[in-house]
Every structure is written in structure tokens, then in C-alpha cells.
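K.L.:
Given only the sequences and the hints, what does the whole structure look like? Please build it.
Chains as they are written, first to last, in my numbering: chain A, 3 to 259; chain B, -6 to 339.
Please keep in mind that the hints were generated in silico from the structure rather than gathered at the bench.
It is possible that some hints are incorrect.
Partial chain B-side listing against chain A, Cβ under 10 angstroms, derived [unchecked claim]:
no., residue
1, LEU164
2, ALA168
3, LEU172
4, LEU221
5, SER225
6, VAL226
7, GLY227
8, ARG232
9, ARG237
Since we're looking at a predicted model, the values are computed, not measured.
Even glycine gets a Cβ: it sits at the ideal position worked out from N, Cα and C.
Now for the letters of each chain:
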Amino acid sequence: MSWVEVDHLSVKAGAATLLSDVTLSIEAGTWCTIIGPNGAGKTTLVEAVAGLRRVASGSVQIAGQPIGDLNERERARLVSLVPQHPQVPAGMTVRDYVALGRVAYHGVLRAPNAGDHQVVESVLERLSLESFAQRDVATLSGGERQRMVLARALAQSTMVIVLDEPTTGLDLRHQMELLELLKTEVADCGLTIIATLHDLTLAGQFADRLVLLDQGVVVVDGPARDVVRSRELSEHYGMNLRVIDVDGSDVIVPVRH
Amino acid sequence: MRAGPPTEQRVAFVTGVTVVGLVVAMVCGLVVGPTSIGTWRVVGDVFSHVGIGHSTLTGLQSTIIWQLRAPRMVLGLLAGAMLAVAGGTYQGVFRNPLADPYLLGVAAGAGLGATIAIVDVGSGVSTPTWTPLLAFGGAMIAVACTWLIGGKGLRSNAATLILAGVAVSALLTSAQTFLQQQSSANSITHVYLWLLGSLASADWQSVLLVVPYVAVCTFVCVLSGRALDAMSVGEDESRSLGVRVSQVRLIVIAASSLGTAAIVSAVGLIGFVGIIVPHIVRLLVGTSYRRILPISVIFGAAFLVFCDTIARTVMAPSELPLGVVTAVIGAPVFVVILSLRRGSVR
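P.N.:
What follows is the structure, given as C-alpha cells:
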């Protein structure tokens, strides 16, 4: 079943066209990663799916509901966001930060109820954050911080999560750990993931489907194994890319001309 | 290095101490003055008004307490509470530690309104009775202009609104300066005295005029704490969490500005309370606006009454400008708390 429908979507900023006639249909419980060179429009696309961009034309629907017609609270119950550079308010505890994911349910005037607390504790446990729960968010390392931001998104209890370069600033081990966590959530909870990633190897290994975007236009869209082997990948990145099979996994490496 | 999030015990302790400070400030506000009336006699008189015991005050002493000191003390409570909570709310909604209640042009608008009222008298022999009305009108018009200029309100972002506030303030201040330059020296003195802020003209009528504004606006500001906490992650992120940022900003700015305008029209421009009190409270109870705002209400009320007691007594029978006292007391207190909090986590 198609869960996210992006239909002839165009986004403009002044005279510049950031996305042009993008059409995607993403199945429930799958992982779709948007790849492409800098300036391709990846962030614009995920922000549009999250309802944070005003669209010039076209539409985004999640579970059959047009995102543009929903208010913030309704939208936040359908799709959650892990931004590339999350703002971390110093002085807030990790538990309070993760609990922000429940605002869409209890509103900004009421306190979270027992059910909200239960969801927060469950997410903290699933992401092994219980021991950090009372820590100041500003004291966390990069890896812990990204896990915390993911926890906030999971606390929103949405069926769709969009992630904009979630591995930015993490070392290799923490990148793998974070993406494995996400993969587990997809498998266990049937989440639909739409992510942008710069690392083509990780993109190819974790996503079910890759969408290559360049200059706001979808160039290639298909199963990850096919897209990483496509001729267009090298062309649009403007470099020589090779795919090496290592124990059944694709590793994409650049080769000097 | 930063201090960790505060424990519930620490928050409860700070709240308790602040409430005790408020009671002490209120008693000082009634007891301290050029006419010496014993503390227990004043306290006994207060209790006699609620049917407990009987008063031992003379008629004159009762008049001093209930017609001079009490309205002044109550207006001080209202002004301190409103300015502090408005400052804290502005700091939260604009995510800017330098924000104060005058950020969007309230001070400049009220200043121009008051100047028009005072200069218009011609001789400038006194501050006319319609000064509060023009000050209030000027403040509200200034904020409305800021809101309209700063990206048509709902679509604007925080930075645009602040810049619009700076522009509106600059324009209105220059108009006020021009008017002052055209007026007599006597008028300038009255304008200057008004701008410094004072509780000297407080009476029950001015208290009754500002009570509804302060009650409603303080309530709305305190209620916004949870929304401001959610907005501490930035506009886009908080929208993705389900916060209706534009609506929250509109409501919070309207409440803060209206309450501040009402207070400024009654007591003039009292500086420093709106910026320093929320910061002191933040250092004591952490960064959550759910805690900062209600405690700022109590702290601000106590702080301003305490400062006013000093302002009207240290150089009696003349008075020190209240804004000077709030700065002289507030700045060292802030520095001491800041250094203690840093020291505690080294």
C-alpha cells in the first residue's frame, strides 16, 4: 500500500526552482533514501514531505491526507522529522526533550498524561537512553545526541519519519549504530522512512529504494542495488564511481580519473 | 561548564524563598517610610481588615498606610510581576536573552505618547491627567506597527519582528526627541521624570485601572510556558512537533505587550526588571519556561516593591529614580548568582 504520495511537486524560492515536478509513491514499511549531489533539492524534498515548505504546485499526501490541508498538530501525528542540525536547548533533560515528541497529542496547554509518559519511557528504553534520561541535553556526545533526536521522533508515534542527513558529524561506528536502530524500527514497527544521505554505501546498504535527485528533478528511482549500479549515478555526481561487492553488500567508492 | 538541570527540591526551595521574599517586601512596603509606624501595629491593622484582632493605628497613620503606601505597594507588585513575566515571555518567544518587554516598541511608543501629552500643555507645568492614556495608546500603536511591518504578523519570523521593533523604536524615539527639542525646559524635565519611571503617583484608581490587564496578561503569559519550552528547539522543529508557532507568538506577544503598555502608562518606563528578573530566575531554577514564568511573577513583584522602598527612603524626602535602583540592586545580585552557579559545577 502506498503510504506517502508526492504528486508533481514543485517548490520555489523566489525565482529559483528547488524542486520540479517530483512524483514519488512510497510503500508503507519501506525505507526510501534520497541521494544526489549538493544542491540537488534533497533537504527541500524531505522538508516538503514534513509539511515545512510552501509548495508552488503539486501536493504531498500521507495516508491519503493532503499535508498542506492539515494544521501543525494533525501533521505532527502523521510525520515526524529528524533535522540535519537539530537545535538542542541547553538545560533541558533528555527525558523532557524526548517528551516534546508528545506535544502533538497533549497540546501546549495540558501536561502529558500517563500514556504519554509510557511512550517516552518505552522509547528511552528501546534506544538505550534510560541512563541519560536526567542528563542535560547539552552534555551529550554527537552519537548520543542523534539517538536522542531520533527518540523524540519515535515518541511522536507517527508511521512516517523523515530524516535529513541523520548521520552528519558521527563517526563510522555511530553512523552504523544509528542506521541499524532505524532498520530495527522499520522491521519491528512497520515504519516508513524517508531519509537523505550523502554516504552512498550506507544509502545502498540500508535503503530498500533509492531516489537520485539532481537540480530538483528525479533522475533515477528504483531498488537500491539497481540505482547504485546505474550509469546516471556517476554522471550526476560528476565523478567515476565503482561498486564493489563485499560479502554480498555493495560498497561504492570514488576512483580518481 | 554548565550546571545540570535543577532538581525538584531546588525548584521548591527557590519558590519557597521567593514567596517569603515577597511577603517581606510587602511588609517593608507598608512599614518603611518617613513616618515611623511600628511593624506589628501595621501588621495588626492589616489583620484587623480581615476581621482578626483590632487596629491600634490613629486616623492619620491609617491614611498613610492605606491611601499612600498600600496603593503604591500594590502597584509595585503589579508592575514588577507584569514586567518580569513579559520579559521572560519575550526571551522565550524570540529565543533571545537580550529581549525585554520594550523590545517591540512599547517604550518608544509610550514615551512619544507621554511626551505629546506633556508638551501639549504648553508651559509643561505638570504631567497632565491624560498622559497615561496617550502613553498606553502610543505603546499599542507602536507594537501594532512593528507587527505589521515585521512581515505581516503571522508569516513573520522572530528575527524580522525584532528588526521591525528596532526600526519602529528608532523612528518614534526620534519623533519624541524632536518634540522635546521644540519644547520648554520645564516640559523636558517632566518628560524626563516620566521616562525614568516612578510609583510616586500611585493611588487606588491607578491600581484598579491596571489590575484587569495585569491579571489576564500574566495568566496568559504563565500559561504559555509549555509552548515556549517546545519552541526552544527552533521554529521549524517546533512546527514539526505540532506547535502552532504563529498563533502562539501572536497570543504571547499580544498579552505581553498589552500588559506592559498598561503598566508603563501607569508608572512610566521602569527599566531592568523585565530583563534581569527572568535571568536571575533562570539561573536558579533552570531553563524551563514552565518554571521561569510563574516564579518570575513572584520574584519580579517582590523585587520591584523592595527597590521602590529603597528608592523612596534613602534620600527622603526626595526620591531616587526607580530604574536606577532596580539596576543598582539587580546587577550585583545577578553577578553573584551567576558566579555562584558557575562555581557550584566547577
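K.L.:
All the hints need checking, so say for each whether the structure fits it.
P.N.:
Hints versus structure:
1. LEU164: Since chain A brings no Cβ nearer than about 28 angstroms to B:LEU164, farther than 10 angstroms, the hint is violated.
2. ALA168: Where the cut-off is 10 angstroms and the nearest Cβ of chain A is about 35 angstroms from B:ALA168, the hint is violated.
3. LEU172: Since the shortest Cβ distance to chain A is 41 angstroms, the answer is violated.
4. LEU221: holds, 9 angstroms
5. SER225: holds, 4 angstroms
6. VAL226: Given a least distance of 5 angstroms, the restraint on B:VAL226 holds.
7. GLY227: Check passed: Cβ of B:GLY227 comes within 4 angstroms of chain A, closer than 10 angstroms.
8. ARG232: holds, 5 angstroms
9. ARG237: Holds. Min distance 5 angstroms.
Violated hints, listed in ascending order, are 1, 2, 3; each of the other numbered hints is respected by the structure.
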